[in-house]
Amino acid sequence: MQALEAILPGSRVQGESGTTEAARDFEGQLADGATLAFRMAMSVLRNRADAEDVAQEALLRAYKGFSKLRERRAFRGWLCRITWRLALDRQRGTRRRERRELTAESGAPERTAEQMAASSEFERHLARAMDELPEKLRQALVLAAIEGHSTREVAELLGLPEGTVKSRVHLARKQMAEKLQWLVKDFKRG
Amino acid sequence: MACEGLQERLIEEAVAPGTDTALAEHLASCAGCRAELAVQRELQARIAGGLSAMVSGEPSPALIARVRMQIAAEPAAHRFGWMWLSAGVATAALAGFAIWFGARYFMQHAEPVREVQKNVPQAAPQQIAQAPAIVPARPVRNPSVIHSVSTQGNAGQHVAVVIPPGQREAVLRLVAALRSGRVDVAGLVNQPPPQEIAPLEIKPIKILTLAEERAAEKSGDIHK
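Sequence order for the protein chains is A and B. First residue of the first sequence: 13, per the numbering used here; consecutive thereafter. First residue of the second sequence: 35, per the numbering used here; consecutive thereafter.
Quick caveat, the hints were computed from the structure, so don't treat them as lab data. There could be a bad hint or two in this list.
[What the hints assert, rightly or not] Which chain B residues face chain A? A few, computed with CB under 7 Å, are given here: (1) Ala50; (2) Ser86; (3) Leu97.
[Said to hold, decoys possible] Partial list, computed: chain A residues near chain B (C-beta under 8 Å): (4) Ala43; (5) Arg51; (6) Met54; (7) Arg58; (8) Ala67; (9) Thr106; (10) Leu153; (11) Val154; (12) Arg185.
Cβ coordinates follow ideal geometry from the N, Cα and C atoms, glycine included.
Okay, chain A solo, but in the shape it has when bound (with noise of 0.2 Å):
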């Protein structure tokens, strides 16, 4: 694969050290960084292509800004940021054609075969679940799910103490589960 100072020459031709350090770095951080910005985009948006797509953006956002990052160290971080702000965005503008599409067309909207084999019933209701919790509940929970991060990790993450992101990690599962208590007839059932 053709490595990003490879490709960029105007880095270079600007004689700018800083930029082409600054080139380096983001390189060596696209891979994880992609992952990263997927899995967060998924958790909002769960459908690969647009959390693709916003997964893009924010790296690409990322890249503008990140000669500017004084803490490269913050970098995994700063992208979470904007992967969730941008998956957020993109999930209210789809919704927001859903349903000027299920007036339209008053019936429900067609589901593409992955969103349907995805979509088992305890997904779509956990994901319905998730929707509604808090924000700051919501990604706190997103991200201690996503690679088993630690608390500490995820506290670094948001640039948040230790004790808030087990406060609010706790209070997201003990919401979650309230949510879908419901559910627990069926599992007495089976």
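Since the structure of chain A is already known, use the hints to place chain B on it.
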């Protein structure tokens, strides 16, 4: 401990095990609550599993390639952005110069009016009121044909008046007469108050018929 009302504490125990010691004691002796806790733990496990499945996907390799290509195209886009910005600034500067030049051209051609307005002292309205012959009664509609005449005022002030072209000659003669002292300026300014108006005398009117009128015409009485 009664089993009713323990639902929330069982959920709490499933989320964060071992935090409620009183509940733990109850669970040791209550099979029903242990079964309920097991269900809550299963729910938590399924939630965690569902969440994990939701966020464990890998992006396609094409994503990174697309990002790299977009970044590679970015400097060119920046250049074009600067070009558009430069063009905008140049257009704005040109428009500004055109407006300034037009305003300056207009001001130069309207110079007499501007000068007259500038030279009129604070006391001008009073002086104009005292010299009704100089100041035109009607407002001048076409400023381009306005002429100005200026002279020294009584108090050494620079006095300017606006007159239409048709009266210019007469005003110049008047100014010359004033300067030569042939006109009593004090007399013009301090005019005596108007005389009292005598009450209207109403004379009786004699109404004549046509025949009487003709007869009167013949005798010449009607003109008397």
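Evaluated hints:
A hinted interface residue such as B/Ala50 counts as satisfied when its beta carbon comes closer than 7 Å to some beta carbon of chain A; here the least separation is about 6 Å, so the hint holds. About 5 Å separates the beta-carbon of B/Ser86 from the nearest beta-carbon of chain A, less than 7 Å, and the hint is met. For B/Leu97, the shortest C-beta to C-beta distance to chain A is roughly 5 Å, which falls under 7 Å, so the interface hint holds. For A/Ala43, the interface hint holds, since its Cβ comes within 8 Å of a Cβ in chain B; the closest pair sits about 6 Å apart.
The closest approach between the C-beta of A/Arg51 and any C-beta of chain B is roughly 4 Å, which is under the 8 Å cut-off, so the hint is satisfied. Interface restraint check for A/Met54: the shortest CB-CB distance to chain B comes to about 6 Å, inside 8 Å, so the restraint holds. With a cut of 8 Å, the hint placing A/Arg58 at the interface with chain B holds, because the nearest CB-to-CB distance is about 7 Å. With a least beta-carbon distance of about 6 Å to chain B, the hint placing A/Ala67 at the interface is held under the 8 Å criterion.
For A/Thr106, the suggested interface contact is broken, since its CB lies about 17 Å from the closest CB of chain B, more than 8 Å. Of the supplied interface hints, the one on A/Leu153 holds, with its beta-carbon coming within about 7 Å of a beta-carbon of chain B, less than 8 Å. Satisfaction of the interface hint for A/Val154 is found here, the shortest Cβ-Cβ separation to chain B being roughly 6 Å, below the 8 Å cut-off. For A/Arg185, the suggested interface contact is upheld, since its CB lies about 5 Å from the closest CB of chain B, less than 8 Å.
Hint compliance for this structure: hint 9 alone is broken.
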